[in-house]
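Novice: Here is how the chains run, residue by residue.
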Amino acid sequence: MRGRSATGITLLLALIAITLGMGRFSTALLDFDSAGNSGRLVSIEPLSEIGDMCLWEPVSARQITSPETTNLFDAFEDKPVFAGSQDSGVTADIVRPPVRNILDTDPIYSAVTVDTRLNEVYLQDPNTWSIRVFDRTENTPAAAARSEAKRVIGGPKTDVQFNSCVYVDPKNGDIYSVENDIGDSIVVFANKANGDAEPMRKLNVTHRAYAMAVDEDNDEFYVSIQYPPQVAIYRKEASGNEKPKRLIQGESTRLSDSHGIAIDAKNKLLFVNNWGNISDYRTPGSGRFELPSITIYPLNADGDAPPVRVIQGPKTQLNWPGAMAIDPDRAELYVANDMGQSIIVFHETDKGDLQPARVIKGSKTGLSYPTGVFVDTKNKELWAANLGNSSATAYPLSASGDTPPLRTIRSAPKGKVSLRFGKTQAVAYDSKREEILVPN
Amino acid sequence: MPALGGFAFSQVEKAAMKTTGISCGMCAAVSEVYLRQLPGIDKIRISLSQEAIMVSYKPGAAFQPKQLHEALKKTDVGIVQLQIGARGRIEGQSEKRFFVAGNDRFAVVSTPNGAEIPVNTPLGIEGILNDQAQPMELKILTFKIAK
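Residue numbers (numbering that gives the first Met the number 0), protein chains in the order written: chain A, 0 to 439; chain B, 0 to 146.
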């Protein structure tokens, strides 16, 4: 669907958002200049209620003359379908095998945590939908294709899909994992869970949950929701459809496309990072972009609470920040800086536009699109989960600059670049450049 | 769930629904989303031209027609007719016969051309279900004796 505006071409990206779980459709209207570039978000508007969407011509009304004698299953008989001759409305399985597949069969790692009691590392894999467990001291030899996990939690019973966060209870070893796509849940496994294990409990949470942080002193956990941006606080044992005890949400919070979350239980502070994509989907034209930020709140914040401090600005180097972790002893905040290809470290008391206290970045670090970070205060180590090269890397807690890792757990041949597929929902072919475009 | 000799699961394996309101891709997509959330659903196929939906169940899954109605009701889609494909067997006497598939029990109200269907023999059937009746009533359209 295309049209022309006074300033150039207006392209209606039709029906791009099927907001699963909300049952809503939206259209995004982009405005381009006459040269066809510099796309600007004009508005995101809800479409009419679903019932009004169809030009409804009830086929059933026409064909219902003798429905009792019609075997409906006949309509679903398998028939070959060929791309050049698809009939509109015909449903059939495509039985022709693909010429080739573009598929990454190796794990990629979105999150990392360490069970310091049992010296085990947990890696969250959103590619093969699993949680992989290794010895903490595992170090994949350079010549080896990969390290094999001690245990793999994965399979249809686990409800593990595009999960973006993993947490191990330091008291009892329970394993928590946050689903970031249509699963809309947090699943909890027993410590020794293995294979296609059913979760001990499952909490249904708001769509687009990204990360969690646990206040072990108060038996509560905090869940960041990307959009509409919010932090939901639950009882630690919450399950089923239990509602959050409180919500941090609203214009004053300055939350925007929230991702990583961390807690300093000692100083009673909550840290949330934000990508800066802001809109009220109910208000056309309200979309805007701000620089990424870290907003800091009192741990007991509730409702439309303003942050006590904000770290934001070009000096911060924040670029698609992912998971965060706190070193309470050094009062430092570690941020997995995905597109920055770095781990950046701030003082907990930092605010405004300032350089990080330390930056771990460079070709020797082994970092590649790091989205997960964990601080192991017991062993004085810093861990990163690398989405881009199927690895997790461990560093001294004081690492800075282009520091090589102490150890690397690698789950794909050395040098392999991950496809980094995640939640792929469309594909396009650029015939000019002969490239396949895959939005994630 | 007991297996019939040489027979896989005795259960409702699939359900086909003639619907009102599935006439565009979006309705189909949203309907699929809600059906996908039901427990035990394996595959979902939608025919826009027939305004029909077919779901298949995982082995051992429970058949719960009420959930199908409720899932589609969320998108204002109604079910005009419900058909099932199931594995099971006929039990009972000539006047009161039931088709039993796993934990489900259906009163047989007709067979194709009044055919006599052997009792206590593993069968695969397809038929029209009246899930509003108590017990649910089944008009068998086709049947096949399991080998």
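A hint or two may mislead.
[As the list claims (entries may be wrong)] Once the Cα atoms are required to be at most 16 Å apart in a straight line, the calculated EDC-like pairs of lysine to aspartate or glutamate come out as:
1) B:Lys65 x B:Glu115
2) B:Lys73 x B:Asp41
3) B:Lys42 x A:Glu76
4) A:Lys201 x A:Glu147
5) A:Lys170 x A:Glu219
6) B:Lys13 x A:Glu76
7) A:Lys170 x A:Asp114
8) A:Lys267 x A:Asp352
9) B:Lys13 x A:Glu219
10) A:Lys156 x B:Glu136
11) A:Lys201 x A:Glu250
12) B:Lys138 x B:Glu94
If you are wondering where the hints come from, they were derived from the structure by calculation, not from laboratory data.
This one's a predicted model, so the numbers in the text were calculated from it and none came from an experiment.
Novice: Hints the structure violates: just list their numbers, smallest first.
Specialist: 1, 2, 4, 8, 9, 10 and 11
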